[in-house]
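Participant: Spelled out from the first residue to the last, the chains are:
Protein chains: 2
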Amino acid sequence: MELLEKRILSEGKIKPGNILKVDSFLNHQLDPGLFYQMAQELKRLYEGEKITKVLTIEASGIAMAIMAGHAFGCKALFAKKSKSKNISDDVYAVEVESFTHGNTNTVVLSKEYLSSDDRVLIVDDFLATGAALVGLSGIVKQAGATLVGVGIAIEKAFQGGGDKLRAEGMRIESLARIASMSDDSLTFVQD
Amino acid sequence: MELLEKRILSEGKIKPGNILKVDSFLNHQLDPGLFYQMAQELKRLYEGEKITKVLTIEASGIAMAIMAGHAFGCKALFAKKSKSKNISDDVYAVEVESFTHGNTNTVVLSKEYLSSDDRVLIVDDFLATGAALVGLSGIVKQAGATLVGVGIAIEKAFQGGGDKLRAEGMRIESLARIASMSDDSLTFVQD
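Residue numbers (this note's numbering), protein chains in the order written: chain A, 1 to 191; chain B, 1 to 191.
So that you can see chain A by itself, here it is in the shape it has in the complex:
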């Protein structure tokens, strides 16, 4: 998606440790017009797929989820990081490793909002190792729902998480795919 690639090139900042900061439009300051366009693009990509729920994980996936839900005309769900180790029977629960923060979170979703009738689109702002996606797809599996596919704003393709999951049969549409990143340059995967 050219609009997003342009924003990454003009506003993204590369930090040590393969960190791409896109705080000015994607996950601290949010550009609603860009989110609207991204949601329209996901709608185009998943046209005819009869999505019934959009699913993400708090916090930075929420903006994309609500805009995508609005585009698809369905509810948006965000899985929550559990504050307690006692997980009730009312929730689907998975463990998600965070490489950024070096810890593991238990992530939960109330069972009443996802069932075997649902056709789910998972969305998130970033895809790197794929840990969040594995967790969220585990929730979809626990619900017996159908995972139609995934919509990502920025995939750090060089970290390999996306291609590993594609090889397992997951449909992943990333609106910008970064092939390489260094202190002073950034290139995108060419389709």
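Read the hints as simulated data drawn from the structure, not as lab findings. Be aware that a few hints might be false.
In this list, chains with the same sequence are indistinguishable; a pair is considered to hold if it fits within one copy or across any two.
[Said to hold, decoys possible] DSBU-like, lysine-lysine: derived pairs with alpha carbons at most 35 Å apart: (1) 81 - 15; (2) 15 - 111; (3) 43 - 21; (4) 50 - 13; (5) 21 - 6.
Chain A is already provided as a structure; the job is to place chain B on it using the hints.
Facilitator: Frame of chain A, contents of chain B only:
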């Protein structure tokens, strides 16, 4: 806002400790159509106020902020809970008490996204004691920006936080104001 009041009456669940659960449409499962309507209502209420930034706090304010930002045609910002005690010079920082979780969070916003030129609308899903609002308005003050007003989905008016801040001169528009809540009944403030 009648649409929101109806949803609270039909789907809200009252739990011990004055907790109102509206997980099915406001802060776990999200109803994008309702968020769109709430954003339109805020736009109507703050018409002509030349809002340049919408500000909220992660996580559950984010959906409302991006939809409101889209309605106003401006950027949306979410202040982040800081994971570290070391606060850099690049951020505005405030302490926000959480009554639900019984702790205090340091909440930060990058200085580059809010300046003295900005006219700010703070939004959030809930207003009870007003602790989050006090924190967010502190960030606006640190930036030297103008706080135009506040837009809240559900105000628990009986907890008094909103009226205390109104008495100090803050403009607060709440789309549903709960006058009283008990195990089996809920009433709204009549305008």
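Participant: Are the hints correct? Go through all of them and say.
Facilitator: Evaluation of the provided hints:
1. For a Cα distance limit of 35 Å, the shortest separation of residue 81 from residue 15 qualifies both inside one copy, at 26 Å, and across copies, at 21 Å.
2. For the identical chains of this complex, residue 15 and residue 111 are inter-copy neighbours only, at 18 Å across copies versus 39 Å inside a copy, given an alpha-carbon limit of 35 Å.
3. Taking CA atoms no more than 35 Å apart as the test, residue 43 paired with residue 21 passes in both settings, with 26 Å inside one copy and 31 Å between copies.
4. Taking the shortest alpha-carbon separations for residue 50 and residue 13, only the inter-copy value of 30 Å comes in at or below 35 Å, while the best intra-copy value is 37 Å.
5. With identical chains, the CA atoms of residue 21 and residue 6 are at most 35 Å apart within one copy only, with a shortest distance of 14 Å there and 41 Å across copies.
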